[in-house]
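Protein chains in written order, with UniProt numbering: chain A, 1 to 154; chain B, 1 to 154; chain C, 1 to 154; chain D, 1 to 154.
Treat the hints with caution; some may be incorrect.
As the list makes no split between identical chains, a pair holds if one copy fits it or if it spans any two.
[As the list claims (entries may be wrong)] Straight-line Cα separation of at most 25 angstroms, SDA-like style, residue types lysine to any residue; simulated pairs: (1) K87 <-> E106; (2) K129 <-> D9; (3) K87 <-> E18; (4) K87 <-> L134; (5) K87 <-> P47; (6) K87 <-> H19; (7) K87 <-> I15; (8) K87 <-> D20; (9) K129 <-> H24; (10) K87 <-> E125; (11) K87 <-> E123; (12) K87 <-> L135; (13) K87 <-> T10; (14) K87 <-> D9; (15) K129 <-> A83; (16) K129 <-> P47; (17) K87 <-> Q110.
What the hints contain is simulated information worked out from the structure, not anything from laboratory work.
Read off the chains here:
Protein chains: 4
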Amino acid sequence: MTYTAQMLDTYPAEINLEHDRLSHVIDALTSCAQACTACADSCLSEPADELPRLARCIRDNLDCADICTATAAVLSRHTGYDARLTKAQVEAAIQAVKTCGDSCAEHSDQHAHCRLCAQSCRETERALKGLLPLLEPSGKGAQQPHRAAPQQGM
Amino acid sequence: MTYTAQMLDTYPAEINLEHDRLSHVIDALTSCAQACTACADSCLSEPADELPRLARCIRDNLDCADICTATAAVLSRHTGYDARLTKAQVEAAIQAVKTCGDSCAEHSDQHAHCRLCAQSCRETERALKGLLPLLEPSGKGAQQPHRAAPQQGM
Amino acid sequence: MTYTAQMLDTYPAEINLEHDRLSHVIDALTSCAQACTACADSCLSEPADELPRLARCIRDNLDCADICTATAAVLSRHTGYDARLTKAQVEAAIQAVKTCGDSCAEHSDQHAHCRLCAQSCRETERALKGLLPLLEPSGKGAQQPHRAAPQQGM
Amino acid sequence: MTYTAQMLDTYPAEINLEHDRLSHVIDALTSCAQACTACADSCLSEPADELPRLARCIRDNLDCADICTATAAVLSRHTGYDARLTKAQVEAAIQAVKTCGDSCAEHSDQHAHCRLCAQSCRETERALKGLLPLLEPSGKGAQQPHRAAPQQGM
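Could you put together the complete structure from these sequences and hints?
So this is what it looks like as structure tokens:
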């Protein structure tokens, strides 16, 4: 469906991560960002007496959308890979989908868009948590960040 | 695969666009943004003697990624819909995928990532061009923007 | 204050726009994006009986923030400049700050954050409208996009 | 100059952080995002024999721009504040400006845009590190995230 997996396969240098897993994480993040943007907007169109209790949910949606988009971009780049940066951003994304998933889960019974968005957040959280231990340990990375791309010898 | 179509179906007010078509456009945009981000990075990892001729392609990739992401977000919102804004942003996105698709097409024979990215740009261009005439004419919109969401009467 | 003007002055090729004007536009856009993000959030924290009438304002804030951010990024790039793309994105931004400025202006008396945000939108609209006629006409650009950067001869 | 400080002062609920410090951090982040976007583009327009050694710098610029933009947005929101999320994203931003500042610093003698961008990254790093200890400890936040906004009792 998406080009993510194909783009990984045509990257002109080595990527030290399983392509299938990585493309799954990126797709989960972009899909979650869209779901969060749409959920925030759906909340805004709920009836007036419902809207106030959705304010925190909207805020969490907006943070989650911004953070998932940034994280998907970081994970889509492999030139001059720095494990410390990737790790820190993946950890922030795990917290963002956790916070947003929890907020949406509180409204899952009343609002189908919150139920779907919570589901997307949980899937993305699982995908990110599966990726995290595979990222180079920050201790090693801090010494000598791995450079996947051919410009390293220049 | 993505939640886009389901999120449209659970929006709590009316959306004056065919859901299938709209979700296809949004998915094309988010997929194209990712392909462009990945293509820019793949270009950066090409051999030193190849890189200079890819500078414009990288620039076009970056613009296209930013514009597709913003356009997908705009199209994911339906509360207080303003046809003039949607139309103007869709037109900018059509130009962005055209410019980037042309740049990548120049390198399609040498670089598989450019070939894939050009393909994603062309698909997104077709999807956006199919949507454009269905957006309310700006003349009418300028007078009285359609408000899809229930807050209009407040 | 910001680095925008200094970054323009150190760009290694020619930029066919007055640096002062361009840096003013970019700064207006990034400032407006921040104001819109903050205004959306301030609206979310207004009292429950006030919130429903702010739903459209929040939506317009979110669109405006996304579009201003993307437009600032496009205007910050000069390599392989394509006037058609820049023009289309600037036109979309003019509509975004117009739509959002109008929404916020409706609430300027009740909410100081809306008053400030409307002011930022109007300033940005003026700055963008001052830039628009200086961008190369799309007709000429369509034939042969101007390429400011040194890679054009490659 | 920017509206950041004024927007904080008109937020309709309490913000548990010094406004001056917070607006300084947000302004540093948006300014750094712009500098990084511009530096990546300036690198792309350097002469062909210079470009390959800038590939990693460009990549770090792009990550840093994306992460600074997302972090500025998160810090601009106060409704339903979750310290764990803010902390994790600020930590990711500290790493992003560190990585990018280091990359740009390697080229500061040859390229004025890299020197300026490194300077912006270092300033932003200092600002973020000054903010980090003031964010509520994640342990406490994990139990019972502080909710600044009035919707908490709903």
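These are the hints, each one checked on the structure:
{"no.": "1", "hint": "K87 <-> E106", "result": "between (29 angstroms within a copy, 23 angstroms between copies)"}
{"no.": "2", "hint": "K129 <-> D9", "result": "within (23 angstroms within a copy, 30 angstroms between copies)"}
{"no.": "3", "hint": "K87 <-> E18", "result": "within (16 angstroms within a copy, 29 angstroms between copies)"}
{"no.": "4", "hint": "K87 <-> L134", "result": "both (10 angstroms within a copy, 23 angstroms between copies)"}
{"no.": "5", "hint": "K87 <-> P47", "result": "neither (40 angstroms within a copy, 27 angstroms between copies)"}
{"no.": "6", "hint": "K87 <-> H19", "result": "within (17 angstroms within a copy, 30 angstroms between copies)"}
{"no.": "7", "hint": "K87 <-> I15", "result": "within (16 angstroms within a copy, 29 angstroms between copies)"}
{"no.": "8", "hint": "K87 <-> D20", "result": "within (19 angstroms within a copy, 30 angstroms between copies)"}
{"no.": "9", "hint": "K129 <-> H24", "result": "within (12 angstroms within a copy, 29 angstroms between copies)"}
{"no.": "10", "hint": "K87 <-> E125", "result": "both (14 angstroms within a copy, 18 angstroms between copies)"}
{"no.": "11", "hint": "K87 <-> E123", "result": "both (19 angstroms within a copy, 23 angstroms between copies)"}
{"no.": "12", "hint": "K87 <-> L135", "result": "both (7 angstroms within a copy, 21 angstroms between copies)"}
{"no.": "13", "hint": "K87 <-> T10", "result": "within (24 angstroms within a copy, 33 angstroms between copies)"}
{"no.": "14", "hint": "K87 <-> D9", "result": "within (22 angstroms within a copy, 35 angstroms between copies)"}
{"no.": "15", "hint": "K129 <-> A83", "result": "both (15 angstroms within a copy, 20 angstroms between copies)"}
{"no.": "16", "hint": "K129 <-> P47", "result": "neither (36 angstroms within a copy, 34 angstroms between copies)"}
{"no.": "17", "hint": "K87 <-> Q110", "result": "neither (36 angstroms within a copy, 31 angstroms between copies)"}
Violated hints, in rising order: 5, 16 and 17; the structure is consistent with all others.
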